[in-house]
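There are 2 protein chains.
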Amino acid sequence: MLSHSKIKNNITRQKNNLKTTLTILGCGSALPTRDNFPTSQILEMRDKQFMIDCGEGTQIRMRQMSIKTNRLGHIFISHLHGDHVFGLIGLISTFGMLNRTADLHIHAAAELKTILTPQLKFFCEEIPFKIIFHAFNPRVHVLIYDDRTVQVFTIPLKHRVPSCGFLFEEKPRDRHIIREMIDFYEIPTWRIPKIKQGEDFETKDGELIANDILTTMPEKPKRFAYCSDTAYYEKIIPIIEGVDCLYHEATFMNDELIRAKNTQHSTAQQAATIALKAKVKQLIIGHFSARYVNKNGLLNEAKAIFEKTVLGEDMKIYEF
Amino acid sequence: MLSHSKIKNNITRQKNNLKTTLTILGCGSALPTRDNFPTSQILEMRDKQFMIDCGEGTQIRMRQMSIKTNRLGHIFISHLHGDHVFGLIGLISTFGMLNRTADLHIHAAAELKTILTPQLKFFCEEIPFKIIFHAFNPRVHVLIYDDRTVQVFTIPLKHRVPSCGFLFEEKPRDRHIIREMIDFYEIPTWRIPKIKQGEDFETKDGELIANDILTTMPEKPKRFAYCSDTAYYEKIIPIIEGVDCLYHEATFMNDELIRAKNTQHSTAQQAATIALKAKVKQLIIGHFSARYVNKNGLLNEAKAIFEKTVLGEDMKIYEF
Numbered sequence: 001m002l003s004h005s006k007i008k009n010n011i012t013r014q015k016n017n018l019k020t021t022l023t024i025l026g027c028g029s030a031l032p033t034r035d036n037f038p039t040s041q042i043l044e045m046r047d048k049q050f051m052i053d054c055g056e057g058t059q060i061r062m063r064q065m066s067i068k069t070n071r072l073g074h075i076f077i078s079h080l081h082g083d084h085v086f087g088l089i090g091l092i093s094t095f096g097m098l099n100r101t102a103d104l105h106i107h108a109a110a111e112l113k114t115i116l117t118p119q120l121k122f123f124c125e126e127i128p129f130k131i132i133f134h135a136f137n138p139r140v141h142v143l144i145y146d147d148r149t150v151q152v153f154t155i156p157l158k159h160r161v162p163s164c165g166f167l168f169e170e171k172p173r174d175r176h177i178i179r180e181m182i183d184f185y186e187i188p189t190w191r192i193p194k195i196k197q198g199e200d201f202e203t204k205d206g207e208l209i210a211n212d213i214l215t216t217m218p219e220k221p222k223r224f225a226y227c228s229d230t231a232y233y234e235k236i237i238p239i240i241e242g243v244d245c246l247y248h249e250a251t252f253m254n255d256e257l258i259r260a261k262n263t264q265h266s267t268a269q270q271a272a273t274i275a276l277k278a279k280v281k282q283l284i285i286g287h288f289s290a291r292y293v294n295k296n297g298l299l300n301e302a303k304a305i306f307e308k309t310v311l312g313e314d315m316k317i318y319e320f
Numbered sequence: 001m002l003s004h005s006k007i008k009n010n011i012t013r014q015k016n017n018l019k020t021t022l023t024i025l026g027c028g029s030a031l032p033t034r035d036n037f038p039t040s041q042i043l044e045m046r047d048k049q050f051m052i053d054c055g056e057g058t059q060i061r062m063r064q065m066s067i068k069t070n071r072l073g074h075i076f077i078s079h080l081h082g083d084h085v086f087g088l089i090g091l092i093s094t095f096g097m098l099n100r101t102a103d104l105h106i107h108a109a110a111e112l113k114t115i116l117t118p119q120l121k122f123f124c125e126e127i128p129f130k131i132i133f134h135a136f137n138p139r140v141h142v143l144i145y146d147d148r149t150v151q152v153f154t155i156p157l158k159h160r161v162p163s164c165g166f167l168f169e170e171k172p173r174d175r176h177i178i179r180e181m182i183d184f185y186e187i188p189t190w191r192i193p194k195i196k197q198g199e200d201f202e203t204k205d206g207e208l209i210a211n212d213i214l215t216t217m218p219e220k221p222k223r224f225a226y227c228s229d230t231a232y233y234e235k236i237i238p239i240i241e242g243v244d245c246l247y248h249e250a251t252f253m254n255d256e257l258i259r260a261k262n263t264q265h266s267t268a269q270q271a272a273t274i275a276l277k278a279k280v281k282q283l284i285i286g287h288f289s290a291r292y293v294n295k296n297g298l299l300n301e302a303k304a305i306f307e308k309t310v311l312g313e314d315m316k317i318y319e320f
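Protein chains in written order, with my numbering: chain A, 1 to 320; chain B, 1 to 320.
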């Protein structure tokens, strides 16, 4: 018979199927290019899909990537510029044709409902699911979504129209129970959920087994921050500090600093500076101006400040 | 010195740079696929671009094909289903960013203006060009566009909502003047336009030169018909008879005849039957259901009835 410690050492880490991934559907800016569609991405966290922004062609990219959306219930819209919302009506219309029945929640500034409602009435009157609008004030940092495992907060940004980013935070995960311990101590199934949450276990013989013998530490809850569109804005730093992954817009290179300032966008250098100051673990840059066919200049500029930068690419999946 | 007849025989046909081409941007149906965007195409006739329908992603396809749109003044919308109009707002918005100044004319059923206006007000208030809506009644066959060289007529179709196709007809082209005759008879430049239109020419010595010595026949005016979306509908035959090119929807194969009927679409066999009965010169089929990954079945079905059928393909240019 194996000892406790041997069992604990021998275990292979339970795969808990709770990968956190970011799928970029489009990371261009207002003008689409050969490589980049306008902005949209899907965050997969705790087995749920969250869509962030929905530029024109979002549903096309999803088809091109064969993305199933049965776990997509919530869409978050950063601001009401066309390149972040023009894909909504087509996506909703297609969900209708595919006979979706689950409610679809759209989180956005209040005006979106006003704009979208007449279109929905005309084009999507017979869709077999409900659309529920949740209005938020993009000017304040607040909790706008909360379920058993994930919370979403707004991140007020600085742009030509009210704009905000989103901070997705996992709630603490359950501890991993060691399969062999279940057999060893004959733990009944009904006790397992509580043990995963940290309870000790008393055997039939009255022996108290401490939780840390039965379980291993869960992964640290993941945090993802999305910041687009925005000028360089240090006020976001305390909110996004230490996130596992930051997506920050980098519309221009630094030689277009004045244009960046005028249009209230960021340069790659500025995105990297924010990443550095916020001590994030990884930076993905995106929302590139159509002028940059080759994006190595943007990447190099950012990496010179913050080494752990990667380029956003349409139809690429990032795991963190 | 060359004789008249030798000159006439020796001439190489003047290239008149007036090719008629159809560029398919999208020929999918409501659900986009890996290969097919929703419906949109650009007809180039007499040095002008006419857009027909504008599904989601139209502007993206134009970027992917590097299509310049400085000669695009008129957009024709067949009917108000999303897969034929959702790309309009993005296209207009992009034209604004590219500082277009020329008026943009949109020909459609009257409701389009009502739906599009609130969006234009919100997203495109500052665009530097005018949008002019022209409402037509899709239930009747009428002239809706007329300029010096091209006319456009509606073709009432049979669909779940009022829908019409479009017949584009060139007006007769000028005769080709034979360059060598200009030198031979010392024809002054100011006389050339009239000679191209058929006038004879009197030389300095009072000799009357018949027009058919000076010119060759122009190409026959081209005619293009677009018919989508529609059930099999023989009433269109007299309108489209003998066109140089017919684009006709073929959403399904014939084993889905009942579904075609219920959704008021056509099968490939039906599209070909229309082409055959209308004695058109060439048939392009399109608006394919997403179920057909390989479209050879559709093509073969049509070709069995009408040999001169080709498949519609996104981003392909057809010349006729």
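Errors might be hidden in some of the hints.
Note that the list lumps identical chains together, so a pair holds whenever it fits in one copy or between two copies.
[Stated by the list, open to error] In silico lysine-lysine, DSBU-like type, Cα no more than 30 Å apart, as pairs:
(1) Lys-121 to Lys-158
(2) Lys-113 to Lys-130
(3) Lys-261 to Lys-121
(4) Lys-121 to Lys-220
(5) Lys-281 to Lys-113
(6) Lys-196 to Lys-295
(7) Lys-303 to Lys-204
(8) Lys-113 to Lys-303
(9) Lys-121 to Lys-235
(10) Lys-279 to Lys-295
(11) Lys-281 to Lys-68
(12) Lys-316 to Lys-295
(13) Lys-19 to Lys-303
Simulated from the structure, these hints should not be mistaken for laboratory data.
Inset, instruction - Provide an ascending list of the numbers of those earlier hints which the structure does not satisfy. - result: Hints 4, 5, 6, 7, 8, 9 are the ones this structure does not satisfy, whereas the remaining hints hold.
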